[in-house]
Amino acid sequence: MYIPDSRPVYVQLIDRIYTMVLSGQYPPGAKLPTVRELAELMQANPNTVQKALYYLEEQKLIYTQRTVGKFITEDKDVIERARGSLARAYIIEFFQKMYMIGIDVPEAKKMISEKED
Amino acid sequence: MALIEYRKLTKLYKNVPALNGIDLDIPAGRIVGLLGPNGSGKTTLIKLTVGLLTPTAGTVMIDGFAPGPQTKAITAYLPERSYMSEWMTVSAFVSYFADFYSDFDKNKAYEMLSRLGIDPKRTLKTLSKGTKEKVQLVLVMSRAAKVYFLDEPIAGVDPAARDYILNTIIRNYSENASVVISTHLISDIENVLDDAVFLRNGQVILADSADNIREKSGKSVDMLFREVFRC
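In order, the protein sequences belong to chains A and B. Heads up: the first sequence begins at 0 in numbering that gives the first Met the number 0, then just goes up one per residue. Heads up: the second sequence begins at 0 in numbering that gives the first Met the number 0, then just goes up one per residue.
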């Protein structure tokens, strides 16, 4: 079953760019492709990509060097904080999905620890 | 002033309204989805804009002009049906367009044709339906127009070509130009859209940015469309 993502596209793009950074595809200090290149890469509207980049710049994950382009921050704290908050969001999403199929949080935690053994 | 302005635009076909008082602004630099079920007036709206039909009442203005020679020079139009002569070769069409439109870029056309694996020496007659559609799209997208109207550009082509077409639209994006795409295959294009316009029975029932629609309704544009137009 295919469930389309109903969140605004710029929110989805923010997630994807975070993932690209946290997975090391764009390491700290790396230059980001141009808006147009990113739009093509992500098959999204250039204005929407711009909106996502604007948000990420506000979050200090990326910065603009005038006339050169956009770069990933070299500040490890910013990146680690992003990793932490994204991880928490995924955990919450996981527990919500488990709850929807009738497994509460303690039960889900128990299943995870059993799987680890 | 918006790049394209519709005011109370109405079109009757023998007293049957195809469009009924359209008021709509399309600013420059937007990629707009013109969405609606069959018979909702999408093609009529496009034909009125490109000057193939004349309105029964109301106006359409493109960059400050009513449809005419000035607007045709800045408007690139992909019709829903093919208008190409079967006996002509692809390269003859490229020359034809280059003669017709001063904003046509021949190199760009040949580059796109080769990316799509289309031999310019072939006649139209020998090409499949999907390949003909690709040729027409290449001709339209090789222009540096201010307004692009694409009537069902992705309906007849394979998924790989669909991706290529969408990428071509993205790559061509300019702050000064607008692209209007009519389709009912919404999920394929909705990530590329700035705005969505829903048409029903010749009226605009929704015109908003794609992100606003998602934020307000909590649904994708495609999901909302299916809900609004449920049969």
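No lab work stands behind these hints, which were simulated from the structure alone. As the structure is a computational prediction, the values presented were derived from the model and not from experiment. Warning: the hint list may mix true and false statements.
Stated by the list, open to error - Only pairs whose alpha carbons sit at most 25 Å apart, straight line, appear in this in silico BS3-like list of lysine-lysine: (1) B:Lys215 x A:Lys96; (2) A:Lys96 x B:Lys218; (3) A:Lys50 x B:Lys145; (4) A:Lys69 x A:Lys50; (5) B:Lys120 x B:Lys71.
Hint check results:
The straight-line distance between the Cα atoms of lysine 215 (chain B) and lysine 96 (chain A) is roughly 23 Å, inside the 25 Å bound, and the hint therefore holds. Our distance criterion of 25 Å between C-alpha atoms is met by lysine 96 (chain A) and lysine 218 (chain B), whose separation comes to about 18 Å. Between lysine 50 (chain A) and lysine 145 (chain B) the alpha-carbon distance is near 23 Å, which keeps this suggested pair within the 25 Å criterion. In summary, the hint linking lysine 69 (chain A) to lysine 50 (chain A) is supported, as the alpha carbons are separated by about 14 Å, within the 25 Å threshold.
At roughly 28 Å between alpha-carbon atoms, lysine 120 (chain B) and lysine 71 (chain B) are farther apart than 25 Å, so this suggested pair is violated.
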